[in-house]
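Asker: The lines below spell out each chain.
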Amino acid sequence: MTRYDIVIIGGGPAGIAAAIRSSASNKSVLLIEREARLGGILKQCIHDGFGLSRYKEKLSGPEYAEREIEKLKNTAVDIKTLTFVSKIVRATNGYQLTLITRQGIERLFAHKLILATGCRERTGKQVAIHGTNPSGVLTAGSAQYYMNILGQMPMKRTVILGSGDIGLIMARRITLEGGLVVGVYEIKREPSGLTRNLVQCLNDYNIPLFLSKTVTRVFGHDRLSGVEIMKVDETMTPIPGTEEYIECDSLILSVGLIPENEIAETLAVPLNPATKGPYVDQGMETLVDGIYSCGNALHVSDVADMVSETGELAATSAISIDAGARKLIKIGFNKNISYLVPSHLDCDKPLNKVICYFRSSACLTNQTLKITVDGLLVKSIKYKHVRPPEMERLLIDFSNIVSPKKILFSLEEST
Amino acid sequence: MIRFKDEFPTIDLSFNDGCVFLDGQLDDYEQIVAAGYLAACFKSEGVVNRIKLSGYTEPKMRTAPFVDKKYDGQRCDVLIIGAGIIGCAIARELSKYNLTTIVVEKENDVALHASSRNDGVIHIGIDLKTSTLKHHYLRKSVPLYQKMCEELHVPYINRGQLVLFPQRSLRPLMFLFNRMAKKRHIQLGEVWNRKRLLEEEPNIGKAARYGMFFPEGATICPYETVIALAEHAIENGVRFFLDTAVLDMVIDNNYITKVITNRGDIYPRYVVNAAGTFSDKIAAMAHDQTFTIHPRKGIEAILDKKAKSRAASRSVSMYRGSSERKKDHTKGGGIIPTVDGNVLIGPTAYETPERENYETDADSINALFIKHHDTLPQLKQSDVITYFAGIRAATYEEDFVIKTGKWTKNIIHAAGIQSPGLTAAPAIAIDIAKFIEQLEKAPLPVNINYQPQRRVQQPLAKLDDAIRDQMINDNPNFGQIVCRCEEISKGEIIAALHRPLVVPTLDGVKRRVRAGMGRCQGGFCGPLVTQIIHEELQIPYRDIYKKGYGTIILKMTKDETYDAL
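So the sequence lines, in the order shown, correspond to chains A and B.
The opening residue of the first sequence carries number 1 in my numbering; numbering runs sequentially from there.
The opening residue of the second sequence carries number 1 in my numbering; numbering runs sequentially from there.
Derived from the structure by calculation, the hints contain no laboratory data.
Misleading hints may appear alongside valid ones.
Stated by the list, open to error - Quick list of in silico lysine-lysine cross-link-like pairs, DSBU-like style, CA-CA up to 30 Å:
| no. | chain 1 | residue 1 | chain 2 | residue 2 |
| --- | --- | --- | --- | --- |
| 1 | A | 125 | B | 308 |
| 2 | B | 371 | A | 276 |
| 3 | B | 306 | A | 125 |
| 4 | A | 156 | B | 60 |
| 5 | B | 306 | A | 276 |
| 6 | A | 80 | B | 462 |
| 7 | A | 276 | B | 60 |
| 8 | A | 87 | B | 462 |
| 9 | B | 306 | A | 87 |
| 10 | B | 380 | A | 276 |
Required output: the full structure, derived from the provided sequences and hints.
Answerer: Have a look at this one:
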């Protein structure tokens with residue numbers, strides 16, 4: 001049976017970055033991708049805005065992927081495309097993988113695993129859209145595949161539900177292709193996407209955004225003929241009597257992304273309900289030794305650059321020498337923070353350059369993030385605005401602390 | 001009679017040749033149903049309820065909108081109307097004989113109505129009155145089911161059925177249940193106390209004090225089974241005409257001489273009415289209506305495979321008082337582990353004048369979770385991956401109508417089939433063949449070429465690795481996974497497009513190989529399957545449908561949608 005020191009599952013930006021970084025060691029590395037080509041969802045993201053922090057340039061998704069794939073070509077990483085991981089079981093000092101390929105069923109051994117399996121889209125039924133079951137109700141990603149990969153137009157007159165980034169980007173894309181976007185509807189009181197996308201995708205094209213409104217019902221027995229929109233209250237419950245009918249032939253759903261962690265679950269990797277990804281330390285190692293998580297499988301990131309970064313972080317710690325038992329401390333945070341990655345700190349891993357990502361739980365102004373270790377202030381950062389859709393990234397040096405007991409991230413109003 | 005006149009003074013009640021006829025108009029649909037039920041109390045062959053609902057126009061039967069002559073002039077011994085489980089089971093049964101059999105189905109696939117829109121339970125029928133046809137056919141079918149599924153190569157999982165009792169005081173009921181079981185020749189139930197219950201089903205809610213386990217209960221995949229019946233019938237010589245709706249009949253001298261469809265006129269010697277919620281309409285066309293269908297809708301939810309570990313290993317339901325059951329005309333619904341590893345909750349039940357409106361609503365789903373919370377409290381609404389509605393073809397007699405025509409000589413009805421119709425199908429099919437034999441007044445000639453085993457490719461993910469590996473070596477497409485949730489390969493999707501009954505739609509593929517049935521609900525594989533259909537069958541993208549005619553996916557122009565026609 002072929003043995004690898006590191007097997008990376010998923011050939012999107014996180015997996016590719018993890019592979020490149022892993023190859024900087026003397027470890028044997030395999031990158032597995034189920035599609036025919038590397039790049040993951042970047043392949044269908046033909047809009048720009050990728051690579052702003054990584055390449056200091058505005059690239060399209062395929063361009064960003066190409067740059068990463070170019071770097072990968074110069075490495076000794078083995079790559080298997082059109083390869084599906086069917087099963088992983090624990091083996092002595094590692095894992096045994098069963099792969100389905102066009103050449104047959106293959107088994108191999110991995111000492112360590114990096115899970116870069118990305119995320120999937122929440123569907124209409126998962127957000128309780130009722131009514132008939134016509135054609136013309138698509139997730140934004142499916143619509144994007146039809147348009148950008150197959151070159152086919154799945155709509156003429158569209159309602160978009162959800163103001164997440166893909167929803168906003170598809171609003172612009174549909175408009176550019178000659179379709180009409182009647183409006184983008186968002187159940188929350190605040191838009192879910194990045195400010196830059198709100199400006200560049202909606203405002204620039206005069207596409208209206210309706211907040212605190214959602215689609216409750218769809219009509220049409222064959223093709224979609226219209227949707228029912230209702231206002232919602234603070235608990236996001238539709239308010240009776242606010243129904244309005246909007247004629248449209250398609251409904252595009254951008255109602256959230258769910259990290260894909262089915263493989264992690266079969267390996268009993270504990271998942272964080274806030275991120276739906278595994279709990280990890282600063283080296284992106286999950287609570288199961290030797291299994292790392294990165295990219296959108298770890299937590300849904302705003303931009304591909306951060307996805308690549310977590311891939312590198314995972315690989316960096318995966319290629320380092322096994323230190324034996326880990327010294328994990330859970331990082332605490334207050335209620336103004338909805339989640340924090342990493343969730344844990346491993347005191348036996350490097351502590352000088354810890355990268356943290358967090359999202360605020362609400363739109364807040366004039367905030368200060370105070371990071372304390374055993375009551376001592378380590379770092380304090382001021383934020384003029386924080387919004388849940390905009391993930392914050394920071395670099396913290398914890399190297400001065402010795403055997404900490406309590407680490408706390410506290411986002412408070414500035415005094 | 002007096003009571004009926006008191007309650008429904010404006011309704012014209014008449015008796016003709018053993019049947020009750022109701023005519024008139026009422027403002028409330030529930031009143032129309034109530035009148036039907038009351039009329040069913042008279043000793044009669046059946047109630048024909050023709051009461052109109054004021055201000056309501058019944059929607060036209062939904063059919064493919066095109067008209068052609070594709071099947072014009074076809075002659076056959078038997079024409080089966082409707083390709084649900086009943087029509088397809090009959091077709092397969094008749095394929096054992098040397099008969100020309102045609103099945104017409106108004107939809108573009110089989111099992112698109114009640115036959116796929118149910119929970120897949122093979123019932124034991126403890127609650128059925130022994131005088132009913134439901135009881136008769138169910139008990140005759142139960143011993144046949146496993147063999148039928150083996151021949152069709154579809155799953156049949158016999159895990160038994162568990163009824164929970166919320167109160168200690170209900171304990172005597174369990175003895176009554178076994179008396180009922182004995183009378184119906186049902187394998188007796190075991191009484192399980194709380195301790196045993198928890199050993200068997202650790203996720204059962206606190207409310208369950210006792211349980212009664214009936215070992216006979218089983219589950220099948222309803223649409224897979226019907227598709228298999230149809231394919232097996234086709235392999236043995238039956239022809240299926242899809243998108244073909246019966247619009248009228250010509251009756252001459254008490255015989256149907258011609259059946260008029262949107263795709264031409266068909267000339268059958270016998271007609272079998274297996275038209276589900278439209279079976280009374282077909283009976284009326286044949287001048288042989290002795291019953292009325294009053295549609296009863298139900299909604300069910302399907303949960304992610306991950307919920308299985310928090311559910312039970314067999315079908316469970318909490319015993320509800322008879323008053324509650326009477327109110328909703330179901331066995332109370334339950335929580336069923338499906339043969340594919342999902343969990344299904346449902347169904348609800350309510351009367352509706354609409355025969356094929358499958359809209360769902362949030363209240364029904366909420367109600368299901370409230371109702372079944374005490375059974376398996378760990379199941380959550382966030383486990384739901386999809387939901388659907390089904391419509392039962394109920395008669396006022398609340399029984400099947402299995403008989404030869406009363407006035408028209410060459411029609412046989414297999415109508416009014418609601419639960420437990422899925423269970424009762426095999427024995428009904430056998431009897432329909434017998435009815436034809438009686439009408440022929442001679443034994444039916446045996447089809448010597450009949451192949452009892454259906455030819456089918458099992459899902460690759462279920463095969464041993466060595467066999468799977470060999471198959472991939474022979475055809476690399478079997479090694480390319482397209483639907484990741486259900487681990488379905490490109491090769492299997494292509495094979496689904498070359499089966500005996502080809503339905504080149506997204507749902508047609510999904511119902512045959514499960515691509516798109518998983519937790520992403522086709523979000524990832526939908527476009528890929530569209531692409532495979534396009535490439536494999538050279539169908540232009542704009543002509544590939546999600547399901548029935550008009551459910552276009554791509555290259556849309558407004559005036560071309562079916563709803564606009």
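Asker: Each hint needs a verdict: does it hold in this structure or not?
Answerer: Verification of the hints:
Distance check on the hinted pair: residue 125/A and residue 308/B sit about 19 Å apart at the alpha-carbon level, within 30 Å; holds. Between the alpha carbons of residue 371/B and residue 276/A the distance comes to roughly 29 Å, so the proposed pair stays at or under 30 Å and holds. The straight-line distance between the Cα atoms of residue 306/B and residue 125/A is roughly 17 Å, inside the 30 Å bound, and the hint therefore holds. Distance hint between residue 156/A and residue 60/B is fulfilled; the C-alpha atoms sit about 28 Å from each other, no more than 30 Å.
Taking the CA atoms of residue 306/B and residue 276/A, the gap is near 14 Å; set against the 30 Å cutoff, the hint holds. Taking the CA atoms of residue 80/A and residue 462/B, the gap is about 24 Å. The hint holds against a cut of 30 Å. Distance check on the hinted pair: residue 276/A and residue 60/B sit about 47 Å apart at the alpha-carbon level, beyond 30 Å; violated. Restraint check: the Cα-Cα separation between residue 87/A and residue 462/B comes to about 13 Å, which is no more than 30 Å; the hinted pair holds.
Proximity of residue 306/B to residue 87/A is assessed by CA-CA distance (about 16 Å); at most 30 Å being required, the pair is judged to hold. This hinted pair checks out: residue 380/B and residue 276/A have alpha carbons roughly 16 Å apart, not beyond 30 Å.
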